[in-house]
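Colleague: As you go down the protein sequences, you meet chains H and B in turn.
Going by the working numbering, the first residue of the first sequence is number 1, and it counts up by one from there.
Going by the working numbering, the first residue of the second sequence is number 1001, and it counts up by one from there.
Just to be clear, a hint being listed does not mean it is correct.
As the list claims (entries may be wrong) - Just a few of them, taken from the derived set where beta-carbon distance is under 10 Å, the chain B residues facing chain H:
(1) 1007
(2) 1020
(3) 1021
(4) 1022
(5) 1094
(6) 1100
(7) 1115
(8) 1138
(9) 1139
(10) 1249
What the hints assert, rightly or not - Sample of chain B residues at the chain H side, in silico, Cβ under 10 Å:
(11) 1085
(12) 1088
(13) 1131
(14) 1174
(15) 1202
(16) 1236
Derived from the structure by calculation, the hints contain no laboratory data.
Virtual Cβ for every residue (Gly too), placed ideally from N, Cα, C.
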Amino acid sequence: MTDLISSTPTGRGATERSSRRERVALLVPGLGYVTAFMAVPVLLVLSYVFFQRGRFGGVVYEFTWDNFSRAFTPTYRAVLVDSLVIAGAATLLALLIGYPVAYAIAMLPDRLRNIALVLVVIPFWTNFLVRTYAWIVLLSNEGVVNRSLERFGVIEDPITLLYTRGAVIVGLVYAYLPLMILPLYASISRLDPELREAATNLGASRFTVFRTITWKLSLPGVLTGCIFVFVPSLGNFIIPELLGGGKFVMVGNVVRDQFLKARDWPFGATLALVLIVVLAVLFFVQSRVSRRLSTGGPS
Amino acid sequence: MKSLGWLRLPLALCMLFLYLPIAVLVVMSFNGGRSAFTMDGLSFRWYAKLAGNGDLLTALGNSLLVATGATVIAVVLGTTLAVGLARYTRSSTLDAYAMAPAIMPDLVLAIGLLAFYSLISMTLGLFSVMLAHAVFGMAFVVAVVRARLVQADPALEEASRDLGAPAFTTFRRVTLPTIAPAVIAGALLTFTLSLDEFVIAFFTNGPTTPTLPISIYSMVRFGVTPEINALATVLLLVSFTVVIASARLSRRTEALDE
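From just these sequences and the hints, can you work out the full model?
Modeller: And the structure:
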C-alpha cells in the first residue's frame, strides 16, 4: 500500500521545474535543521574520542588513543558491565510483567481495551522525575512499604529498600513498563485467534499453543519492547542517582560527570560512543531477526 | 471479562504497580505535618506554600516559553518535511534520518548539543534549550504527519493541481485540512514532551534559567517534603487531563473520518 502511494508520479510535464523547487523548499529546511542540531552535534562530540582534554576543560585537538584504553580499564569496565546487567535485569523484569498484561489487554472487549491502554499510558505521560521520586516516598526507611510491613508485624526494624540495586531496577521497570506493554499489545492483538483454535483442535496442549503460536508470532513485539526498555535504561543517570543514592554508578552517570563536573569531554564522549555502539548492535540484531521472522514465517 | 480467567490477576497487579506510587504521592500531598512520609492530619498548607513559591512559578514560565517556541519550530519544519518526504522522495534513508532524533538516546543528543553550542560560542539559556527541544519534537511531528499522509489519497492533490491551483493553494486547501488532526497531535506531543524533558535541558541550559523539570530535580535532590508531593499532584492532574482530552480528541477525529 505504502509503496503504491509514494510511487505515484508527482512532477509531470510542465510542472517538472516548479515541482523541483517545491521539493527543495519542503525538504531542505527540515533536513537542514536535523543536520545542524543532531547530525553535526553528535558527530562533533564523537570526534572528541580521538582528542585530549584541555588543561582547564575543553578539548585539545591532538590525536590520542588514550580515551579508549581508559574506557576499558577495570574500573570503567566494571561500570559498563554493571550498567548492562542492571538495564538487562530491568528489561527482563518488564517483559515478565508486561507479557501477561499485554495478553490480558488484547483479550479484553473493545471498550475496556481502550480504557486499559489509556490507563497504562497515563503514568508514562506524568513527569519522569515525579514518577521516580514517588519510589523514594515508597521505599525509604520511614516510607510506606516499611511502615506497612511494620504495622502488620512482618518486620520489626525497617529494611533497607532504597539506595539498593533492586530499587534502581524497580525504578527503571516502573519508568519504562508502558514502552514494553504497548508493542507487545500491538503484536499480540494482531494474532489471528483461529490459529490458536486450530492448534487446540489438533490436540496441542495450552502450553504448546502458547509456545509455538502466540509467543513465536509475537516475537517482533517482544524484541521491540525489549529495545524500548533497554535503550533508555542503559543511558539513564537520574534513576541510579535518586534511587541508587550514587552507590550504583551507571554509564550515564559517568558521562554526565565527565561533561559537567570533571570537564573531561573527550573521555565522556568515548563512554557515550561505547553506549552508541551497544545500541547500534542491538538495532542491527533486531532488524535482522524481525526480517527473518517476517519472511520465514512460523516454522 | 469472564474469558480472561487467571489473566485478571496480572492485569490487576500491574495496575496496582502503576498507580500505587501515584496514589501515595497524592495522599501525602494533603499531609498536615512536615514529613513527606507520615500523615499527620489533613491540610492544604503545602499547596498554599507551592502557590507562593516564586522560583517554581518562574521555572514553569520558562518551561512554557521553551515548549511554545519549540512547538512552533517543530510544527512548521516537521509538517513541511513530512509532506516533502511523502510526496517528493521515495528514500527510506531520508525518512529514517528525519525521525532519528526521536530514537537518539537523550544523553547523546544532550552532550552533542552542548559540544556544538560551545563550539559556535552560543550563550546557553532558554533559547538554546528551545532549539534543542525543537529537533526531537520535529521528528515526532514528521512521524505522525507522515503516517497520516500515507493514508490520504494523493489523487486529491493531483486533481487540485490539474485544475490549475498553485502549489501553495493546493497545500492550504487540500493537503493541510487532510493532515490537520495529525499536525495538532504532533504539536500536542511536542509541547508535552518539551515541558517534561529533563536531560537535554539539563545539559543545554544556562545556570540562571531553570525549566520546571530542572527545578524539580534540584528540589528532589535537596530533600523530600510534602511540597514536592503537592507539586507532583498538580502535575499529575495536568497530565491526566491532557492524556484523557487527547484520547477523546483522537477518537472523535477517527469517528469523523468514517
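Colleague: Among the hints numbered above, which are violated by the structure, and what are their numbers in rising order?
Modeller: 10, 14
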